[in-house]
Amino acid sequence: MRLLKIFIISFVGFISAIVSAHAVIEIDITRGNVAPLPIALTDLVGSDQEMTSGGSVKDIGEKITQVVTADLQRSGLFSAIDPRAFIKSDNANTSPQFANWRAIGAQALLTGTASLEEDGRVRVEFRLWDVLGGTQMTGLRYFTAPKNWRRIAHLISDTIYKRLTGEDGYFDTRIVYISESGSYLDRIRRLAIMDQDGYNHKFLTDGSYMTLNPRFSPTSQEITYLSFYNDTPRVYLFNIDTGKSEMLGEFAGMTFAPRFSPDGNKVIMSKAERGNSDIFVMELRTRKITRLTKHSAIDTSPSYSPLGRYITFNSDRGGSQQIYVMDNDGRNIKRISFGTGLYSTPVWSPRGDLIAFTKQTGGKFYIGVMRPDGSGERILTESFFEEGPTWSPNGRVLMFYRKYPYDNKGGGGDTHLWSVDLTGYNERQVITPLDGSDPAWSPLLK
Amino acid sequence: MRSAIIISVIFHGSVLVFATMDIPFFNNHDVRPMEIIPVEIVDISEFTKMKKAVKLPEPEKDKPESPKKSQRVVEMPPPPPKMASTMPLENQKPAIKPKPPVKKVEAPSVTPRQRPKVPSRFSADRVAALLNKIEEKPQASELLAEKYKQKEQQMTSLDIRRQTMSFGAAIQKKIEDNCYNPLAGAKGEDKENVKITIYLSLDGSLERPPEIEGRNRMNSVGQEALRAKADRADRAILMCAPYNDLNLPKDKYDLWREVIINFRPLGMTS
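Taken in order, these protein sequences are the chains called A and B.
Position 91 of the first sequence, counting from 1, maps to 91 under this note's numbering, and the rest follow consecutively.
Position 144 of the second sequence, counting from 1, maps to 1144 under this note's numbering, and the rest follow consecutively.
Since the hints were made in silico from the structure, they are not lab data.
Note that the structure is a prediction, hence the values are computed from the model and not measured.
All C-beta atoms in this analysis are idealised placements derived from N, C-alpha and C, irrespective of residue type, glycine included.
Don't take every hint at face value.
[What the hints assert, rightly or not] Heads up, incomplete: computed chain B residues facing chain A, CB under 8 Å, no partners named:
no. : residue
1   : K1174
2   : I1175
3   : Y1180
4   : W1256
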């Protein structure tokens, strides 16, 4: 009988557990409203008594916040709350009064301090807070020479970006591009470099020879570019840190678009021989050149996949200019673009899931993306003339150049750099001192 | 030996009972309640139709059945056809129009809409007739009410499931429409889902912080994207709280106290 009692009790308990468990509601959230995340960015607090060569520490703290605000705002994923709406700035060393920040709609909050060390360096500390959860999400401290405050700001932006989106940032990066000046018929093209936000602009060549197609190494601060010396195309390797330029080769035929392999050890390019352009790859260490395609059609604009296993390029072997993908040894060539119009300048995304391209149809040019198998084509921008997309190192943003017509006949006009988010939103012009074209985005600085 | 037999009988008997009574435990997840709900809706609409069907023919029946209900018919010969329906009071407006001054005096405090209904050109007999009819109506509605009561008393697993679905839909709509901000274009956003359990208080506020499944794992290196996704989901839940605006019935608190929310944005990525 005792056994029976135990059984009945446990049986009843089991049944009641089933019934109570069933009362739980389970729902799926499959959609939402995509909107910039409201974030409050307070000035990093510093003393105006502590002076550096670049001004007081208080000024540096405020300028850092301004750069961080501009970075995050420009990404299109964040909405910086107007500081005039702040109810009260908290003491940077204590936990914030979250209710005050919730009241103005902030979901994240930046607080921090800047101070001067005895050795003359600036110490910058910041904390990122989850306003709704009332917790600290991250906190970091940097030491640097006062003149490097902009880099500190970009590093803070990257940290915030990564913590809130889960993706690597792209603010501590640089852009190399072709700066253009002069008349339409007598254009001077110089190699130039700047931070991704347009600051710290420098010319790397003097314009004596026309330069084209700069491309960043994915592993180092090196650039390949093409320069026409006495009308002969030469591929150069330029080291940004040392400022030294090294010629990789002088090619008899026309050469285009040299681009690094993901490991930085090879350069892939298209080279014309007897009027026919094919894809070649050069080992940087041995300078050995290997042909990858051999076809009577014109093959150009090669670009490696992030792991280096595949190469995308464009070719008119199918009758019109389309995008193709092949193995890194030149085998298994497959056409992936089948839409109307002409496709060119394919560039594989650093995160591997997309290929960006330029499309020409109906008298207009477009920048778009598609999956490596050719599916999911999406047009992001359109204009009279635009091409040359380059990916931010996190694969989130595309930069390209856009040319405006002088007149209705389509004569070339002003040329500017533009950026657009992967989703097709947040299209912005990148400000350069002169006209700019052919941008290439660097990897994150180290 | 005897105990074992009794246990065996109870156990097998209960299995048979469960199998016949549609206990949720025995329902395969494949058999989603969505397939069953339409059946219930059809039932309700049938009842609704029944109401109208019962009401409309009544007066017509009254006339032929004059022997039985002669008192009513005799008392108010002209208006009965209009009185037949309880709903179309508006139909009486034209007939009432000639007596507006009387209405104004009688019902000054009544809202304009109700004024046309108030006019009482009817005599006491008419009221009596009305009452007579009302007596009939309750019979039908009482029957329905009884049916519903019986149904409520027999709260099957299907009823529970239907109600929890209703509460869940309200919470889901609020979060999707007002609070969840997914990261469009994020790689793998739709690959790994975030599962969060929340416990609601009786007043609709969060009883405790949301519990994110696998939270510790998300803090490891390489899980930044998943952690950020979980944070976005967490923020949506916190931002939407409290949920008292959904008017979740307090007497059914047990049904909506615990909510499991799966964040699986679809079609929002590359």
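Hints versus structure:
1. K1174: 10 Å, violated
2. I1175: 6 Å, holds
3. Y1180: 3 Å, holds
4. W1256: Hint holds; B:W1256 Cβ to chain A Cβ min 6 Å, cut 8 Å.
Of the numbered hints stated above, the single one contradicted by the structure is hint 1.
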